[in-house]
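*Asks:* Sequence:
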Amino acid sequence: MGYALKHTKGNRGSKLRSRGRRHLRVRRRVIGTAQRPRLVVTRSSRHVFVQVVDDSLGKTIASASTMEADLRGAGATKSDKARTVGTLVAERAKAAGIDAVVFDRGGNKYHGRVAAVADGAREAGLAL
Numbered sequence: 001m002g003y004a005l006k007h008t009k010g011n012r013g014s015k016l017r018s019r020g021r022r023h024l025r026v027r028r029r030v031i032g033t034a035q036r037p038r039l040v041v042t043r044s045s046r047h048v049f050v051q052v053v054d055d056s057l058g059k060t061i062a063s064a065s066t067m068e069a070d071l072r073g074a075g076a077t078k079s080d081k082a083r084t085v086g087t088l089v090a091e092r093a094k095a096a097g098i099d100a101v102v103f104d105r106g107g108n109k110y111h112g113r114v115a116a117v118a119d120g121a122r123e124a125g126l127a128l
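Residues 1 to 128 (this note's numbering) are what the sequence shown spells out, left to right.
Any given hint could be a false lead.
[Claimed, not checked] Using 30 Å as the maximum straight-line C-alpha spacing, the simulated DSSO-like pairs for lysine-lysine come out as follows: (1) Lys109 - Lys9; (2) Lys9 - Lys94; (3) Lys109 - Lys59; (4) Lys9 - Lys59; (5) Lys59 - Lys78; (6) Lys78 - Lys109; (7) Lys94 - Lys15; (8) Lys15 - Lys109; (9) Lys94 - Lys109; (10) Lys78 - Lys94; (11) Lys59 - Lys94.
[To be verified] Computed Cβ-Cβ distance ranges for the label pairs, DEER-style: (12) Thr77 - Ser56: 17 to 25 Å; (13) Leu128 - Lys78: 15 to 23 Å; (14) Leu24 - Lys78: 25 to 33 Å; (15) Ala127 - Lys9: 28 to 36 Å; (16) Met67 - Gly10: 34 to 42 Å; (17) Tyr110 - Thr33: 34 to 42 Å; (18) Arg72 - Gly13: 17 to 25 Å; (19) Gln35 - Arg122: 32 to 40 Å; (20) Gly73 - Gly97: 13 to 21 Å.
It should be emphasised that the hints constitute simulated quantities derived from the structure, not laboratory data.
Heads up, the beta-carbon is just placed ideally off N, CA and C, and yes, glycines get one too.
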């Protein structure tokens, strides 16, 4: 029995199992350091959560999400909100002294809201 089969949720062939397998592949390669931490994107059906994580210390340096009060009431589309979250987390990371990050898409395809977060972070001056 393979590692991915044991350590992912969902039935064989399901979208959840496929995302879990992609996530394991991504996490095998993507490691955040103090100089270049990991920008983690977590996506639900309604919201996007983004964190900048230093894996060597296991600490979150900066975070932002669409659950915040100013974004929650906005009438924009989910992709527009995701771009705003990317800009917001980039500003907070730059305030903490971070200029470059490694992008962790969390097993999600680099498309739509996940790509919008990356674009927003790049626009705010964060090197991915």
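*Asks:* Please list, smallest to largest, the hint numbers that this structure does not respect.
*Replies:* 2, 7, 12, 16, 17, 18, 19, 20
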